Amino acid sequence: MISFQEKAYSDSEIYSELNPIVSKWFKNKFGSFSPPQTYAIMNIHKRENTLVSAPTGSGKTLSAFTSILNELITISEKKKLEDKIYCIYISPLKALSNDIHRNLEEPLREMQEREGRDFGIRVSVRTGDTTTSERQKMARAPPHILITTPESLAIILASPKFKESVKDVKWVITDEIHSLAENKRGTHHALTIERLQNHAGEFTRIGLSATVSPLEKIAEFLVGYDTDGKPRDCKVVDVQFIKNLDLKVLSPVPDIMRSDYETIQNETYKLIDQLIQAHNTTLVFTNTRSATERVVHHLKDKFPKNYIEQGDNNTGYTIGAHHSSLSREHRLDLEKRLKEGKLKAVVCSTSLELGIDIGDIDLVILLGSPRSIARALQRVGRSGHQLRSTIKGRFIVLNRDDLVECSVILKNAMDHHIDEIHIPENALDVLAQQIYGTAIQESTHIDTIYSTVKRAYPYRNLDKQEFNNVIKYLQGNYHGLEHRHVYGKIWYDEETGLVGKRGKLARLIYMTNIGTIPDESFITVKIGDQAIGAVDEEFLNRLKSGDIFVIGGNTYKYKFARGMTMQVEAAPGKRPTVPSWFSEMLPLSFELGMSIQRLRRLLEEKFKAGQSKTSVINWLKEFLYADDKAANSIYEYFLEQYKYSIIPHDKRIVIEETRIDDRKYVAVHTTYGRRTNDALSRAVAFMIGKLKIINVGINLSDNGFVLEYKGQASWVKEALESFRDPDSLDKFLLAAVDKTEVLKRRFRHCAGRALMILRTYKGQRKTAGRQQVSAQILLNAAKQIGPDFPVLKEARREVMEDLMDVEHAKLILNEINKGSIKIKETQTVLPSPFALNMVMQGYSDILKMEEKVEFLRRMHEQVLVKIALKEKRGGITA
Amino acid sequence: METFKLSSKMEIVDLALYLPKHKALVIGDIHLGYEDALAAQGIMLPKTQYKRTIGRAERVFKTLGNEKKQVEEIILNGDIKHEFGRISEQEWQDALNFLAFLEKHCSKLTIIKGNHDKIIEPIATKRGHTVETQRALDDVLVCHGDVVPVNAQAFKTIVIGDAHPAVTISDGIASEKEKCFLVGKYGKSDLICMPSFNVMTEGTDVLEEKFRSPFLQQDLGEFEVYVASEEETMHFGKVKGLF
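Going line by line, the protein sequences match chains A and B. In this text, residue positions in the first sequence follow our numbering: the first is 1, and each later residue adds one. In this text, residue positions in the second sequence follow our numbering: the first is 1, and each later residue adds one.
Pulled out of the complex, with its shape left as it was, chain A reads as follows:
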């Protein structure tokens, strides 16, 4: 059962339970226990599974380690310390592992110094970077506490020697469990832990998490399910909101609506500089890698004196950029200088969100909306690292949508409302990889494998048939029986029920291809033979011929792509049709979207009731904890929409037919976040396409979607209302994604995880580009096999459930059905204020409804007409 730990133990209660060595040291070093420690230490001491959710810098890590160190020291005193691993600590970050190493070794060293003797407790790190000789050393003399990553833990289980040393593990700690749970890395990890339990017997599970909701779900993810299908016991320690929040939304200019772009830019940098100068160390979050570079560049450029390092050799800067595309050396150096307090500011994209200790930060600036409340809290939580300090965060908003979003985030954060985490379920690609791992570890009965898998939270509802299909896939049976010897990864003996590995290379293949993170692939952008820069693959997939986009400050027109290169031509002064940061853009959370929509409704009610400007603004200030400027701008923005068109809100979807440059668009206002809108827009496009047999361009955003097609705007309403049975949405969407780019791309990722495409094979590592070339061929071939082929099925599931949010889309369709969400249609000569940003983007995907041959016939007719016209004008002579 999952239950919340209500009782906080007193210092004396805890001290009296602990070994005097640990008690004395702790008392001397900290005096008393921090909130997470008063709740968690005793539970862990009693070997209860525990999930600790607390902000960074609250002593969370030590709340897990204190009782473990305590027991190990006690065992050591009795001279009973054996050569085996007692505790495994798993972190999603390699860098974090190094950090914890320091934090663990330091307490141990201090206690040993106090006692004047060596406890003989060994701590080691094993990650993908650990050398072979270090690994061999560890296998000979295993550490008592092992620090590792999810992938390395899976490798340990498959290595014949090393797995013996984890045979009797007592504690397993998963750090940053919230960041694992939301993706397939976490799915993979949940299975590894169950496999470890089969190997090692029961152990105490400890999870450490930042702010996340709902905690019960994360707790279930941590501890998994019993064989009788109930969650195992777990105590949840919830001290997420122990720190004071000092949050403000700042607008760089008094009137964000009527200021030109340049003024906003200049004032933004001035404001950032002022804030940085008024604090010791500031962490700035932008949402994209390129923005990170830009901000650092402009700050150095505009305020050179403020960021030159004071010292004998004035070569360094006290500001730096940190993002995932930068080299490891650069990042480590920056982190080190930050920790040493040598920097005024670090600007990052998302890379410093997770918990590596980055020293004393007294201010966090969020440049642009973080798109979810949990993420906002995670980011501002990087400030005020001491327990008693206040978390200080400033949102700097750059446009009106940003202003509304950040204001609503702030309100929710202050009210402790957090958006819900999505945990992927029944991922068949990860399952295939893990069954392969199990077979390599040792021949195992198929029923044991199935029951182990079902114990992991993401697979608690796994269908037996799906499981059998994965076994069938791994056996190579989908390839035809005669090819089994080539393609089979495992054998399954129906007589004995045993499943084992096939082939001499099995272990090597598994170990060199393990993991769930797809290789990132970059497309080189060229004019002729000259390289201009690089964009990521996902971005390329958003482009259609003729699109204008920005790289390195210049505009280019997309011509075509071939393999891993893209041809463009310079297009100076042209308006970009696709924002270059599109693929990096974080999706707006559903809860945040709904919260924004509720605000819109409340405001509309006030406009309708004819309330005075002052009273509305006063209400806004109170409701959103906003200042005058922000409240005023939001008021103006919504009033403009109210007067010009119709305000869409949580009980009303607005469908707006509009035009730009002679092109007709249908903008559907649905601020449910991109994941839900992705599902809704494709379902609607599919309905329209199916009824009218036309192709539909979809342009997706967090605030809605824009469709472009040849036909009437009223079809959208008809389509939205035609889902009488929202559950049929799955079927429609499956058909709708079948001919899209996104499925192709995701299929490649899934094929990689299911080891259908091997990144490393026979000693050769394949580039992502090589994999991409094969993706189309792969998908075509997989479709030949049929819909139950697990890798194809998983790609479809991933698109539907992880990339899109089908569940919330169904919820909305249901509300439309019941009439609690009304649909209003309107026409505008120019896009309404709310529609403007939506319409300005390029397509995110194309829904092809016409059969290939129909399409070709139609195009052929056009060619014939063109030729006929030319002939009439005498342009062509026969």
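Don't read these hints as lab results, they were simulated from the structure. A couple of the hints might just be wrong.
25 Å max Cα-Cα, derived PhoX-like pairs, lysine-lysine [stated by the list, open to error]: (1) Lys690(A) with Lys210(B); (2) Lys866(A) with Lys240(B); (3) Lys177(B) with Lys739(A); (4) Lys744(A) with Lys177(B); (5) Lys692(A) with Lys177(B); (6) Lys240(B) with Lys544(A); (7) Lys526(A) with Lys240(B); (8) Lys504(A) with Lys185(B); (9) Lys238(B) with Lys866(A); (10) Lys5(B) with Lys866(A); (11) Lys5(B) with Lys557(A); (12) Lys170(A) with Lys454(A); (13) Lys783(A) with Lys177(B); (14) Lys472(A) with Lys51(B); (15) Lys544(A) with Lys210(B); (16) Lys852(A) with Lys248(A); (17) Lys177(B) with Lys544(A); (18) Lys210(B) with Lys526(A); (19) Lys177(B) with Lys559(A); (20) Lys62(B) with Lys21(B); (21) Lys557(A) with Lys210(B); (22) Lys339(A) with Lys62(B); (23) Lys710(A) with Lys5(B); (24) Lys177(B) with Lys557(A); (25) Lys852(A) with Lys21(B); (26) Lys185(B) with Lys852(A); (27) Lys210(B) with Lys559(A); (28) Lys744(A) with Lys51(B); (29) Lys51(B) with Lys739(A); (30) Lys62(B) with Lys866(A); (31) Lys526(A) with Lys177(B); (32) Lys606(A) with Lys651(A); (33) Lys559(A) with Lys238(B); (34) Lys240(B) with Lys559(A); (35) Lys866(A) with Lys185(B); (36) Lys852(A) with Lys51(B); (37) Lys783(A) with Lys51(B); (38) Lys852(A) with Lys62(B); (39) Lys544(A) with Lys238(B); (40) Lys27(A) with Lys7(A).
Just so we're clear, the structure is a prediction, and the values are computed from it rather than from any experiment.
Once you've looked at the hints, dock chain B against the given chain A.
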């Protein structure tokens, strides 16, 4: 599906070319064993190519049969086998079976060597065929196209493969890539470049990439495009009109 009359001497049947006067059918660039080549690189595709190739070829024969067009000779215009090092037992068998399958549909099977065909000789020999570098039928020359035969210019019409041409057709919203025939000039001769019969791949876009074949080094803008979809063949005008 119906045959598409290119001229009195040539008809397009799906991805193949039929010469009525000689009752000859030209098929090129089948690349059998494509999956095995991928598997050697660690890409483990389910095996479908052989079956799909046979299926598609059968449709070609059926179409010709419906129109009472006889096939006396089949010309395999190069790259029958996709080769990459060691050939498995299975691949040998597939190639032999494929030749046997074609033999049933003609009285003469001509095998032209392509640039990928390093081991076609032993396979051909085993089925009692020789391997040629070209096939002349009166004023028509059929050759793979990776090199220009010395006597090429003497022929009125040259039929090549090798390049795997395709085009992307787009209406501004959707787009489709399709294999196509390219018809133009090489010197004074008419040149027909055939699409590949490889059911696995989509071909090389004529608008996006330069072909390696020495026959196709000139400006292709004036070449006529015939899109060969599985359903029907359509004339899409000149390459330059597609931009």
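So, going through the hints one by one against the coordinates:
| no. | hint | result |
| --- | --- | --- |
| 1 | Lys690(A) with Lys210(B) | violated, 38 Å |
| 2 | Lys866(A) with Lys240(B) | holds, 13 Å |
| 3 | Lys177(B) with Lys739(A) | holds, 13 Å |
| 4 | Lys744(A) with Lys177(B) | holds, 15 Å |
| 5 | Lys692(A) with Lys177(B) | holds, 23 Å |
| 6 | Lys240(B) with Lys544(A) | holds, 20 Å |
| 7 | Lys526(A) with Lys240(B) | holds, 22 Å |
| 8 | Lys504(A) with Lys185(B) | violated, 55 Å |
| 9 | Lys238(B) with Lys866(A) | holds, 12 Å |
| 10 | Lys5(B) with Lys866(A) | holds, 22 Å |
| 11 | Lys5(B) with Lys557(A) | violated, 40 Å |
| 12 | Lys170(A) with Lys454(A) | holds, 22 Å |
| 13 | Lys783(A) with Lys177(B) | holds, 18 Å |
| 14 | Lys472(A) with Lys51(B) | holds, 21 Å |
| 15 | Lys544(A) with Lys210(B) | holds, 21 Å |
| 16 | Lys852(A) with Lys248(A) | violated, 54 Å |
| 17 | Lys177(B) with Lys544(A) | holds, 14 Å |
| 18 | Lys210(B) with Lys526(A) | holds, 16 Å |
| 19 | Lys177(B) with Lys559(A) | holds, 16 Å |
| 20 | Lys62(B) with Lys21(B) | holds, 19 Å |
| 21 | Lys557(A) with Lys210(B) | holds, 21 Å |
| 22 | Lys339(A) with Lys62(B) | violated, 76 Å |
| 23 | Lys710(A) with Lys5(B) | violated, 34 Å |
| 24 | Lys177(B) with Lys557(A) | holds, 21 Å |
| 25 | Lys852(A) with Lys21(B) | violated, 33 Å |
| 26 | Lys185(B) with Lys852(A) | violated, 30 Å |
| 27 | Lys210(B) with Lys559(A) | holds, 15 Å |
| 28 | Lys744(A) with Lys51(B) | holds, 23 Å |
| 29 | Lys51(B) with Lys739(A) | holds, 23 Å |
| 30 | Lys62(B) with Lys866(A) | violated, 34 Å |
| 31 | Lys526(A) with Lys177(B) | holds, 22 Å |
| 32 | Lys606(A) with Lys651(A) | holds, 16 Å |
| 33 | Lys559(A) with Lys238(B) | holds, 19 Å |
| 34 | Lys240(B) with Lys559(A) | holds, 15 Å |
| 35 | Lys866(A) with Lys185(B) | holds, 24 Å |
| 36 | Lys852(A) with Lys51(B) | holds, 22 Å |
| 37 | Lys783(A) with Lys51(B) | holds, 14 Å |
| 38 | Lys852(A) with Lys62(B) | holds, 22 Å |
| 39 | Lys544(A) with Lys238(B) | holds, 23 Å |
| 40 | Lys27(A) with Lys7(A) | holds, 21 Å |
In this structure, the hints that do not hold are numbers 1, 8, 11, 16, 22, 23, 25, 26 and 30, in rising order.
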